[in-house]
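Protein chains in written order, with the UniProt record's numbering: chain P, 1 to 452; chain A, 1 to 452.
Check the hints yourself; a few may be wrong.
Estimated spans, in silico, between C-beta atoms of each pair [said to hold, decoys possible]:
#1 P:392 <-> A:147: 26 to 32 Å
#2 P:145 <-> A:392: 31 to 37 Å
#3 A:426 <-> P:320: 42 to 48 Å
#4 P:205 <-> A:447: 19 to 25 Å
#5 A:410 <-> P:213: 34 to 40 Å
#6 A:16 <-> P:171: 52 to 58 Å
#7 A:311 <-> P:171: 45 to 51 Å
#8 A:310 <-> P:392: 58 to 64 Å
#9 P:422 <-> A:205: 34 to 40 Å
#10 A:310 <-> P:171: 52 to 58 Å
#11 A:21 <-> P:426: 40 to 46 Å
#12 A:410 <-> P:204: 27 to 33 Å
It is worth saying that the hints were derived from the structure and are not from the lab.
Even glycine gets a Cβ: it sits at the ideal position worked out from N, Cα and C.
Protein chains: 2
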Amino acid sequence: MPTPTFSARFRCADGCDFHAPLTEVVYRCARCGGLLEVEHDLDALKQRPAEAWKALFEARFRGGAWPLGSGVWGKKEWVYPQLAEENVVSMYEGGSPLLRLDRYAAELGLDDVWLKECGVTHTGSFKDLGMTVLVSAVKEMRARGKAIRAVACASTGDTSAALAAYCAAAGIPSVVLLPRGKVSTAQLVQPIANGALVLELDTDFDGCMKVVQELSQTPDIYLANSMNSLRIEGQKTLSLELAQQLGWRSPDWIVIPGGNLGNASAVGKGFAMMKELGLVERLPRLVVAQAEHANPLYLAVTAAGRKPGPEVEVVPVQARKTLASAIQIGAPVSAKRALRALAALDGLVEQASEQELADAAARADRAGAFACPHTGVALAVLEKLAARGTIRRGERVVVISTAHGLKFSEFKVGYHEGTLEGVAPRLANRSVRVAPTLAGVEDAIAARFGRG
Amino acid sequence: MPTPTFSARFRCADGCDFHAPLTEVVYRCARCGGLLEVEHDLDALKQRPAEAWKALFEARFRGGAWPLGSGVWGKKEWVYPQLAEENVVSMYEGGSPLLRLDRYAAELGLDDVWLKECGVTHTGSFKDLGMTVLVSAVKEMRARGKAIRAVACASTGDTSAALAAYCAAAGIPSVVLLPRGKVSTAQLVQPIANGALVLELDTDFDGCMKVVQELSQTPDIYLANSMNSLRIEGQKTLSLELAQQLGWRSPDWIVIPGGNLGNASAVGKGFAMMKELGLVERLPRLVVAQAEHANPLYLAVTAAGRKPGPEVEVVPVQARKTLASAIQIGAPVSAKRALRALAALDGLVEQASEQELADAAARADRAGAFACPHTGVALAVLEKLAARGTIRRGERVVVISTAHGLKFSEFKVGYHEGTLEGVAPRLANRSVRVAPTLAGVEDAIAARFGRG
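Make the full structure from the sequences, and use the hints.
Below, the structure written as structure tokens:
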């Protein structure tokens with residue numbers, strides 16, 4: 001049997017008859033202005049049996065046949081099949097830890113809780129999974145003669161860090177736009193170190209977005225914005241990797257923090273594709289966890305007593321300040337995509353307050369985690385669903401951790417020093433002053449842990 | 001053929017006839033007071049052919065058969081064969097990225113340079129590799145009835161972070177000893193979050209070490225100090241994983257930063273074992289990179305015109321302050337072990353100044369890395385050896401990165417803001433202030449990158 005030719009292209013996510021090659025600079029449907037998604041030739045993929053896909057993915061995983069050891073590019077046929085291998089820009093993404101949180105699970109009355117640490121990566125967040133696809137696509141376009149001078153974004157966080165790192169590896173200029181005086185060098189240290197052109201605009205954030213909109217009309221500046229559907233293809237591999245690490249079995253539940261909601265929709269897409277191609281037998285249930293201070297999806301679904309689905313209308317809200325800064329989003333770009341995923345995966349939406357997310361992160365940390373505040377939101381929601389009996393003992397739960405806790409040292413210091421506004425540090429740990437003698441140390445140990 | 005029984009035990013690293021089981025609380029040879037090492041029953045290991053070992057290691061790698069997906073525990077027979085699997089305390093260590101640094105290599109006139117990012121882990125440093133073995137060994141001892149109330153260390157850095165995380169996962173009390181007022185909550189945020197008992201002693205660092213020495217006489221407090229040879233067994237898997245990721249081929253060169261030198265000796269041990277058991281055909285050459293401000297091994301070897309080997313006497317020096325704080329060590333505990341590894345791997349020792357390490361880290365970052373200062377030392381040494389023609393085009397080099405750059409944001413901010421003492425920021429990147437208009441942004445892009 002000849003090797004099938006795998007292919008993928010853009011299509012309108014809302015069903016218009018609009019398609020475009022992945023080498024086109026296009027962000028939205030030319031007909032309806034809606035989001036695009038990447039459509040794979042599933043018939044071609046189905047010509048290879050599920051067992052053969054599993055064996056292929058496993059043989060490549062974390063191996064040395066650069067770049068196929070990457071968790072994303074080891075699944076290249078499912079991500080961006082036509083991409084020339086020499087245009088892959090990889091930082092060896094994926095392969096992140098899938099931890100068993102036994103002691104934390106026991107505290108919740110559960111017994112099969114796992115943490116998928118998508119933030120244990122080169123740039124410290126799950127954004128690497130999507131950015132490797134986006135920057136590789138740009139490299140491919142440039143190799144085919146498209147005049148793209150730079151890739152730009154208007155993020156102050158994980159997106160600009162990932163964009164700058166991948167562009168640096170590829171030798172492609174990257175540009176980060178920010179309102180002047182709002183962001184410190186410390187917050188920008190990753191794009192600065194990775195050589196991005198960091199532009200401070202004499203305006204506020206809305207003013208920046210206006211310029212970014214204008215930039216998106218300029219065909220030689222490519223935009224790495226959150227609506228870019230190439231990124232979803234990379235993030236989708238998180239589902240594949242998760243199933244693979246669990247021996248090609250879906251968990252019962254996946255709990256994921258949700259802001260712009262691209263990630264939730266990517267997880268749904270990955271599982272749907274695996275189910276259709278026979279790599280997993282059933283779909284997990286999906287829980288999207290929102291911060292109470294930025295909860296438009298929660299309001300649209302749970303507060304309204306609706307079952308999540310594409311017919312639910314998400315009304316933008318004014319997001320309030322939250323410790324979970326990366327999901328402080330009032331008008332999620334991927335709400336519709338996420339609602340489809342929630343419908344397909346029999347999903348739920350729940351929220352967590354600042355106090356709840358901070359305590360949940362601290363509780364998990366005491367059992368060995370080092371949770372970022374977004375992961376804290378997901379953990380707090382898990383705690384609620386366990387207390388409510390929705391998630392039960394005997395069910396397997398995977399919580400998606402989206403960033404490395406090392407990016408949020410201030411959050412953790414603030415919690416344990418009791419300086420987070422509106423948060424009582426119920427689980428704070430403090431250092432203890434003792435006399436510099438063996439007896440002094442032994443007394444302190446006995447005071448905390450008993451005499452043994 | 002029945003499955004061979006694999007086993008390992010402590011032995012005196014200096015050749016005394018002293019042995020002890022791995023379940024014993026013992027740190028030094030009872031005869032000579034020297035370091036111990038873990039001795040494996042190589043004859044038993046040799047009964048399984050090299051190809052079978054490779055296949056076994058690959059089948060387990062990053063997979064879901066907890067805890068064998070761990071990079072350390074997937075090689076359990078080579079690490080701590082007798083350990084009961086239920087006593088393994090794992091944070092899914094290993095499996096870290098092995099990045100190709102093509103653009104950086106090209107700047108150096110090289111073409112096959114890789115970065116093994118041992119800091120892309122749960123706690124953010126390579127220490128996880130050793131700590132998982134140490135804490136698992138303690139769990140095993142406790143399960144067998146040994147009265148160990150807590151595990152203690154006197155570190156302010158990566159060691160205490162790893163110790164606290166693994167102990168938290170295991171439910172074993174951990175204790176961190178520090179001189180009072182010398183360390184901030186921010187520096188201690190990992191052990192604090194992971195629930196360690198952090199003791200601030202009213203004394204200086206020497207005073208702390210005195211109490212730690214006394215503690216080591218207390219059999220119910222286990223010490224996680226740097227002479228502990230169980231940690232070396234875990235760190236050794238870094239070599240195995242590296243070879244595996246390169247398709248079971250040794251690189252030509254490995255460059256590793258060296259302070260206490262346990263890591264360099266672990267790398268040597270891993271390659272020696274693979275060569276003996278037939279998993280690789282030849283050994284790489286080993287380069288130990290020291291900071292000029294803490295260079296006892298460099299002085300003993302290179303400055304004295306000696307070839308590194310066990311007969312070289314390392315004279316302790318007073319380490320000066322260096323940006324590479326984790327290797328600011330004047331009297332390396334594992335000097336002798338490292339000299340043996342250097343002799344076996346036809347090694348070299350070189351040093352880097354503060355300016356050199358900072359520039360090298362910045363240079364690599366501009367090509368996509370995010371190097372910690374210790375990795376900067378290794379990169380600077382690579383640059384010297386490339387300039388000198390010792391390392392040449394066509395040779396494969398792996399640089400060992402020991403910690404995640406996210407742990408060293410201040411170092412990076414300081415470099416790019418020009419505030420590092422004694423370091424001229426030759427490769428600094430600065431943000432640019434522009435008018436909030438499309439023209440303003442386009443002009444800035446053109447000024448930096450040209451008009452396309």
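Hint-by-hint comparison with the structure:
| no. | hint | in the structure |
| --- | --- | --- |
| 1 | P:392 <-> A:147: 26 to 32 Å | 37 Å, violated |
| 2 | P:145 <-> A:392: 31 to 37 Å | 35 Å, holds |
| 3 | A:426 <-> P:320: 42 to 48 Å | 44 Å, holds |
| 4 | P:205 <-> A:447: 19 to 25 Å | 24 Å, holds |
| 5 | A:410 <-> P:213: 34 to 40 Å | 36 Å, holds |
| 6 | A:16 <-> P:171: 52 to 58 Å | 56 Å, holds |
| 7 | A:311 <-> P:171: 45 to 51 Å | 47 Å, holds |
| 8 | A:310 <-> P:392: 58 to 64 Å | 60 Å, holds |
| 9 | P:422 <-> A:205: 34 to 40 Å | 38 Å, holds |
| 10 | A:310 <-> P:171: 52 to 58 Å | 45 Å, violated |
| 11 | A:21 <-> P:426: 40 to 46 Å | 43 Å, holds |
| 12 | A:410 <-> P:204: 27 to 33 Å | 29 Å, holds |
Of the numbered hints listed earlier, those contradicted by the structure are 1 and 10.
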